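Asker: From first to last, the protein sequence lines stand for chains A and B. Residues 1 to 113 in the numbering used here are what the first sequence lists, from first letter to last. Residues 1 to 111 in the numbering used here are what the second sequence lists, from first letter to last.
Don't read these hints as lab results, they were simulated from the structure. Please read all numbers here as calculations on a predicted model, not as lab measurements.
Under the rule of at most 30 Å between Cα atoms (straight-line distance), these lysine-lysine pairs were calculated in the DSS-like manner:
id: 1; chain 1: A; residue 1: K11; chain 2: B; residue 2: K42
id: 2; chain 1: B; residue 1: K98; chain 2: B; residue 2: K42
id: 3; chain 1: B; residue 1: K42; chain 2: A; residue 2: K57
id: 4; chain 1: B; residue 1: K42; chain 2: A; residue 2: K70
Label-pair restraints from in silico Cβ distances:
id: 5; chain 1: B; residue 1: Q80; chain 2: A; residue 2: T5; range: 24 to 32 Å
id: 6; chain 1: A; residue 1: E59; chain 2: B; residue 2: P111; range: 38 to 46 Å
id: 7; chain 1: A; residue 1: T77; chain 2: B; residue 2: Q108; range: 36 to 44 Å
id: 8; chain 1: B; residue 1: E5; chain 2: A; residue 2: V65; range: 31 to 39 Å
id: 9; chain 1: A; residue 1: N73; chain 2: B; residue 2: Y39; range: 23 to 31 Å
Every residue, glycine too, gets a C-beta built ideally from N, C-alpha and C.
Spelled out from the first residue to the last, the chains are:
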Amino acid sequence: DAGITQSPRYKITETGRQVTLMCHQTWSHSYMFWYRQDLGHGLRLIYYSAAADITDKGEVPDGYVVSRSKTENFPLTLESATRSQTSVYFCASSDVEGFTEAFFGQGTRLTVV
Amino acid sequence: QKEVEQDPGPLSVPEGAIVSLNCTYSNSAFQYFMWYRQYSRKGPELLMYTYSSGNKEDGRFTAQVDKSSKYISLFIRDSQPSDSATYLCAMNSGGYQKVTFGTGTKLQVIP
Numbered sequence: 001d002a003g004i005t006q007s008p009r010y011k012i013t014e015t016g017r018q019v020t021l022m023c024h025q026t027w028s029h030s031y032m033f034w035y036r037q038d039l040g041h042g043l044r045l046i047y048y049s050a051a052a053d054i055t056d057k058g059e060v061p062d063g064y065v066v067s068r069s070k071t072e073n074f075p076l077t078l079e080s081a082t083r084s085q086t087s088v089y090f091c092a093s094s095d096v097e098g099f100t101e102a103f104f105g106q107g108t109r110l111t112v113v
Numbered sequence: 001q002k003e004v005e006q007d008p009g010p011l012s013v014p015e016g017a018i019v020s021l022n023c024t025y026s027n028s029a030f031q032y033f034m035w036y037r038q039y040s041r042k043g044p045e046l047l048m049y050t051y052s053s054g055n056k057e058d059g060r061f062t063a064q065v066d067k068s069s070k071y072i073s074l075f076i077r078d079s080q081p082s083d084s085a086t087y088l089c090a091m092n093s094g095g096y097q098k099v100t101f102g103t104g105t106k107l108q109v110i111p
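Extracted from the complex, chain B is given alone in its bound form (with noise of 0.2 Å):
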């Protein structure tokens, strides 16, 4: 089982739709969890992190962490056909040594 569970979709949907990307992981020491947008043949540039449980939120973007659950969440509030790309989530129990990354989820957001 990996330490990081995601999956690879493609999801697709129409524009102005509500979003919801998900991970699990099993590892109960991780404590940062980022999220990663990858557009075809670019590298992965980062969106948000969180520390912890909770919710953060950044414009259309809400990143949520339960814990208990061992669960992740990115929405994306009306999404744009521009918010089309792979998502990958990525945790860290802190430092900088050993970050995992999901196998990452492909958004298409149709017009």
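Just chain A, with the same shape it has in the complex (with noise of 0.2 Å):
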């Protein structure tokens, strides 16, 4: 199916563990994002990434990496997971630099125990 996947919905992980999650989607859309969704701050830029291999850091960085060997893949990884870090993850594509068309994924509710 058309679209923008995140895998998995839900994942709880335990303190100091590394955790990566998956984005995929299938209109080889040039920018694709990352973003955490938290009470009271709305939705914060981790990552962006304009292309294959071009990756940036956006507003809330540390204690993340990401990767884009494939136009279509752009995973996360919480390289050792903090309980700051519980928070509900979306991934986006857009095809358009100013953002204005934008597609998000379902999300990923994560939880650092």
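Build the complex from these two chains, which are given one at a time in their own frames, with help from the hints.
Answerer: As structure tokens, then:
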């Protein structure tokens, strides 16, 4: 099916563990983004990518790593999970530089215990 | 002070009412203004966007931008229970690097 999918949808992990959240889009959009959504903060940009092998930090990148070896995939890795990284994570993609036609995935609800 | 302010609500209205959702912002460089709708436990979906000032209409939805007041609005006419969701405003000055989102307003339309 065409679209943008995230996996897993729900994840519980322990403090200090490495966790990878997956994002896959079928449109071949150039731009991909990772956001986290927390109560009182709205959506905050973690990392973004303009194309394969081009990534850059967003507003809250500390503790996260991304890669983009293929246009369609944009995994987000928490190197050593902390409780403050408990959040809902959204991946988005866009074929337009101005973000005016961005599509979001369903989200991954991550709990760090 | 946050760059974008949005009343979290919740806002409860009867079915058929006109709904007004608003955001204020402080960055005069913002030129693109977007509204997203987010159902519970789903990702945000783009409703509409406007460039610079003025109005834009799409069916029952109207987006309005007043750059002189740094104020944007989303109006929903003939509101339906299916409109019950959280509405997020978003804005940037162009380019993908920095889009600032409001915290969202939760809307409930009561049948």
